[in-house]
Each structure stands twice: as structure tokens, then as C-alpha cells.
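> Chain by chain, the residues:
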Amino acid sequence: MNSAFALYTGISWFAVLLYVLATVANSYGLIFRREQAERVGCRFAWAGFLFHGGALVYFWIQAGHGPYLTRSEVLSADAWILLCLFLVFSRVFPVIQTASFFIYPATFLMVALSLFFAPEIHTLPPTFRSVWLVLHIAFYKIAFGTIMIALSLSLSYLLKKRTGISWLSRLPRLETLDLQAYRFAGFGFSFWAIGMLAGSIWAYQSWGRFWGWDPVETWSLITWGLLGLHLHLRRFFAWRGERSACLYIACFIISVIALFFSSTGQSSIHSEYFK
Amino acid sequence: MATVKALFLSRKTVLVLFMLILGTVAASAFFPQKFLASPENLKAWGLEHPFLASWYRVLGFDHAFTTPWFAAFLLLFLVSLVLSSVEQFTIAWNRTRSVFSPQQGEPLRMAGPARRVQEICVGRGYFRIRELGGRSKWVRHPWGYWGNFLLHFGMVVVICASLVLVLTEKRGLLSLREGEVFHPESPWTHEELGLLAGRFVLPFSVRLDSVRLRFWQDFKPRTITSDVSFLTGDGDVRQHAVSVSDKLSHKGLLVYQYSNFGHAFVLEFTDAAGMRVEQTIELFHPDKPHEPRYRDFELDWMPYLLQTKYYADADRKSFDHGNPLLVLRLKRNNEIVGEQLSLKAGDAGTLGGYTVRLVRVCKWSEIIFNEVKGMPIIFVGFFIIIAGCCLHYFTPPRVLLLREEQGTFEAEWHGTRFAECYDDEREQLLAALVAEAQK
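Sequence order for the protein chains is A and B.
Under this note's numbering, the letters of the first sequence match residues -2 to 272, in that order.
Under this note's numbering, the letters of the second sequence match residues -2 to 436, in that order.
One chain only, chain A, in its complex shape:
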């Protein structure tokens, strides 16, 4: 098993290196208006994505279950899904490409943090053997990815609006950043709902109760409610621009608490998660 960990850790660190190179090249390209550097950054990101994905597949085979138990595997898988979503969405909506300024460093920081929590294999508890659990976790990871993209766009908006940094003029128009952040917040709201509902089905299949006000469930509902509030305020009370971006940052903080901290305090049905 030690050699397996060594291989997994080695590939992951190599992916981190590629992500760091992607960040440097991309940031240089954005700041100094070098499109060639941006393209090089994108290629490094793709390379890191492939190596990182390979490491996760290898870990999955060794562990016998998906990357959704320990802190190390959760952070690593979340980073990979985040980058995957960004690479896909930036093809469909090229206007969000500049969010790479935040996405690439977020990816390598998450993977590096995952390796800081030394990887180890935990066996799968009997309650975690369900296809609904896999769907539940997959959709939460996708939701986190879209929420991160929306956060990047909100931060881009605030930076462009509030600072006079010259290279920020290369970012899309403020209205475009605002609209795209809203749209990705909507995606996050939708995927979060699907993740929550898949979790309810899993809970009902496993222990006969689709909602038990478990701390993780409660924080998840708070996050979803807050995202819904953000969308309603924007739609019906014209909370656009800075107000929308600032409220959205608060929603993001709550989502991080829900995903990474809510299982660590009180006793929880999710107690095996993120240990």
C-alpha cells in the first residue's frame, strides 16, 4: 500500500506543479496582454487536469470506492471537478474565460491542501453503499464547482468596479460579469437542489428518514435558502452589481461551511465524511 500512496502522491504533486505553471502563465497573459501566454496556461491546465484525473482514478481503484470520504480525497476530487466544469463551461461561454485568474490558483491550492492532509484509505461504511449516495456527492461537487465559478466572476466584478488596476479593463464589461455571475449562481442553486434531494433519497433508502435535521442537512438547507434569497433579491428587488456580488460572497462562505465544516462539530449521520 505504501508504494501505491507514493505513486498517487507523486502524480498529484506533479499535477500541482502543472497547475502552478498554468496559473503563472495565465496570470502573466491576462495582466500583460499576452494571448500566447494565456494559451500556454490553458494547455498546462489541461495537462494537469489529465494527470490529476489519472491520480484520482488510481486512488479509486486502490481504495475500492470513490473519493468522498477523507479530507484529502474530497478536496482533491472537488478541485478536479471544479477545473473540469470550468474547462467545459469556458468552451460553451467563452466570456467567462477570464475567471481562470481565480480558478487555476484555487485548483492548485485545493490539491496542495489535500496532500497536506496525508492521503489514507478509509473503508466504506455500510451506509455509504448506495448509488444515490454517489449521485448525491457528485451533484454537490458539481454545485461547488459552479458556485466557485460564480464567485470568481463576482470577485472579478468587484475588482474591476472598485480598483483602477489597468489590466482589469481586459475583463468583460461589468454588466456581463454581473449577468454571468447571476447565471452561474442559478446553476449552483439548481445543482445544489439536486444534490440535496438525491441525499434525501439516499437517507430514506438507508435509514427510512428523508430529512432528520442533521447538522450537515441543516447547513445544506441554509445554503440553498440563501442562494434562493440571493436570486430572488436580484430578480425582484433589482439587487444587481456590487450588492449582488457581496451577497453572493456571503453565500459562498456559507456553502464552504456546509460542505467542509458542518460534519466536524456535532454528531452527524455524515460523521464518516471529511474525516
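By construction, these hints were calculated from the structure, which means they are not laboratory data.
Where hints are given, some of them may not hold.
[Stated by the list, open to error] With beta-carbon atoms standing in for the labels, derived distance ranges: (1) A:Leu14 to B:Ile374: 51 to 59 Å; (2) B:Gly346 to A:Gly51: 53 to 61 Å; (3) B:Ile374 to A:Glu32: 52 to 60 Å; (4) A:Phe29 to B:Leu129: 52 to 60 Å; (5) B:Glu116 to A:Pro91: 26 to 34 Å; (6) A:Thr261 to B:Gly195: 25 to 33 Å; (7) A:Leu47 to B:Arg400: 51 to 59 Å; (8) B:Leu72 to A:Ala235: 25 to 33 Å; (9) B:Ala428 to A:Glu239: 31 to 39 Å; (10) A:Lys158 to B:Arg400: 40 to 48 Å.
Yeah, the Cβ is synthetic: ideal placement off N, Cα and C, and Gly gets one too.
Since chain A is already given, all that's left is putting chain B on it; use the hints.
What follows is chain B alone, placed relative to chain A:
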């Protein structure tokens, strides 16, 4: 009536109700809840936060979700949601059928055969929805009009079905030892009943035949399975196996294997006067073969505190040997009485003034019986919510209005949501129409 309806449909009302409910849920995350925390933890929290403790119980924050005021918020929110869903149905219906543009833009005018124009629209994924008075409406993703309605309607379905479930649910937990029979009229180990549920009486007896456990190499549980027999009065015996994440359905009831299990020890105590008492004690299964589980027992017939610990394996190597070791000790006024006693199945020894024999060792597990109404409707509501979210955010309708008059036509394009994101689509469609007109 109209005023009441307007009040419930007011966006401010919705916002206030939403924030009240969200605020309550958020508060429950910070205040310990009676149904989640043990009485000892609640007491300890109260001692740590005397100021908060003095008023949080008065306001009901220790059982936030069962307070009358939370129920009132939910009821008002439900009324608002129902009225809103009806209104949104009307809006979606009107938007689907309307052939007029909501925007004051300058339409594109061109000459050309209508048939070819229609082919271009169809080729780009636009469906003709309506034709009226020379105007035709072509929409890409017309189902996107209904996303908002479905999202809110789904929430109504889920809340109403949840209400039915909560009011009528019957849930019972049984803790059984191998060989033990639970009869229908016996009390449950733990029972939860909805307000309108009535008594929960099983139509059959339950016998736990055996508990089968498998462990991973790190000694964590891999599978927990209870072999049970359901016995009816006419002698019918049905044998089933129920495992964690593999529930069982029997006579309209759902049966779940809970994740608690351990060993039960049947002890025979004989005092100096020759009086015999048989006492059964149950302990949770240890986490590792070399780690014991502890539990203290205050027994009515014994003037001592009985302290116990047990190893799942007397050799402390594996969970597969089936040879647990029980260690007993007596305490009185915080002082240990006599020597401790270690027993395996069939062993006997002296403990304080008693002769103790370990008569039998067996496993125990917990099984949940559930009788619920409304669960399938809740799941249908879930899928309606998901459909609504997806339609609203992933398929916003894009509209092309065509007005034909004597060989020329006007084209007007608008998007319902995120219109700016579809500028390319608009440009390409209108360019194709112009190119066709110029042929």
C-alpha cells in the same frame, strides 16, 4: 379577499417569510436541539452559556422545528407559495401564447417566402408555438417558460406531502437479541408517532434469528445483516434478511437495519443466601479487537454499581473468532469492591459476594419499522423541483416573432432571460434570414 391575496403575493411578504424560516433554521444550527443532543449535553451547554440558556428555552429554540411559531411561518409560506404557483401558471401560460413582444425594439423588415423562413427557424431549433392575426411566434426551448412554475409547484407538493407524512408517520425501533421475539403489543425500544398517527402495532411478531457481521481489514463494519422471522398468529413464518442500505418491505411496512450492534451477555448471579437472579446486559461492539467497550449498570436488585467492559475477542486479534471476553467489577460509593472477574461463555467465578456464571453470549442489533404515507409524492415533488430549476436556468426561451404581410415580413427577436448570453444566436439567426431574403 383580493387584498389578502395581494398581501400573500407581495414580494416583500414572500421575502419576509423566507427570511423568518431561514433565520429559524440557521438559529437551530447554533442552539442544541432536544431531538439531536443528549440531556447531558443540553445541560452542559446551558451551564456554558447561562445568558443564552435563560431565554432560548423560553422561545423554543431548543426544539425550533416543532414550535407553534415555526409551524405558523411554514403555513403562511405555504399559502403564499400556493397562490404564487397559481399566478405563475397564468404567467407561463400567457407568455407561451402571447404573440406580442414585451420589448420596444425596431423589428427587422425583409422580403421573402415564408416557407423558407420557417425552414430556417426549424433548422435552428425554433418551434412554431402560435399563429394569430398574421403573426407567428417561434420559440427555442418553449418549455423554459414553465421552469419557475414547476419549481414553486414542486415545493408546494413536497411541503404538503411532508405535512401528511409528519402527521401520519409511524416509526418504531426494536433492539433485539438473537433468539428474542417481539410481540405486537410489547413496547418499542423507541417510538415516533405523528400527531394523527395513532398506535403503532405490528400485525406480526418479530424474531431475530441471527446477526451476521462482516468487517474490513481495518475492523470497520462492512456489512450488518439481521436474519429475521415474521410470525403471524396462524403459524405462518416468513424469513427475511435485512441489511444496512438494503431495506425490506413486508405487509406495507418498510424494515431497515440500523447501524448499532453488539453483544448481549446473559449472567446468572447467585448471592450468599442462594437467591438467583438472571440478568442480561448489552454492550456496543468495540471498534477494534484490542480495544474494549465499557458500560456501567445500576441494577435495582443489587446495591452496587456493576461496571463492565468487554473485548469482542478474548485473544484480542480478530472479530471473526466469536469468543468475546466480559470483565466485571463492582463499585460502591466510588470504591471498588473485591476483585474484577473475567468470563467467557460458560465460565463462572466470584464477584463481590456473588457467584456469577456467564450463561450465554449472543449478538444484538437494532431494526427500524416504518409505516409512512406520502413518500412517493414527496419524491415526485423532488423531481418537479429539479425539472423546474433545470428549465429555468438551463433552457431560457428565445423568441422570434414573425409578421407577414404581402410578401414581406418583420422579424423581431428577444430573449426572456440572460438575453445577452445569446447575442451570437440572435445575430446568426437574423443574418440567415436576411441572407435568405436577399437571394
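> Compare the structure with each hint and give your call.
Hint check:
no. : hint                             : result
1   : A:Leu14 to B:Ile374: 51 to 59 Å  : 52 Å, holds
2   : B:Gly346 to A:Gly51: 53 to 61 Å  : 60 Å, holds
3   : B:Ile374 to A:Glu32: 52 to 60 Å  : 55 Å, holds
4   : A:Phe29 to B:Leu129: 52 to 60 Å  : 57 Å, holds
5   : B:Glu116 to A:Pro91: 26 to 34 Å  : 29 Å, holds
6   : A:Thr261 to B:Gly195: 25 to 33 Å : 40 Å, violated
7   : A:Leu47 to B:Arg400: 51 to 59 Å  : 52 Å, holds
8   : B:Leu72 to A:Ala235: 25 to 33 Å  : 30 Å, holds
9   : B:Ala428 to A:Glu239: 31 to 39 Å : 36 Å, holds
10  : A:Lys158 to B:Arg400: 40 to 48 Å : 41 Å, holds
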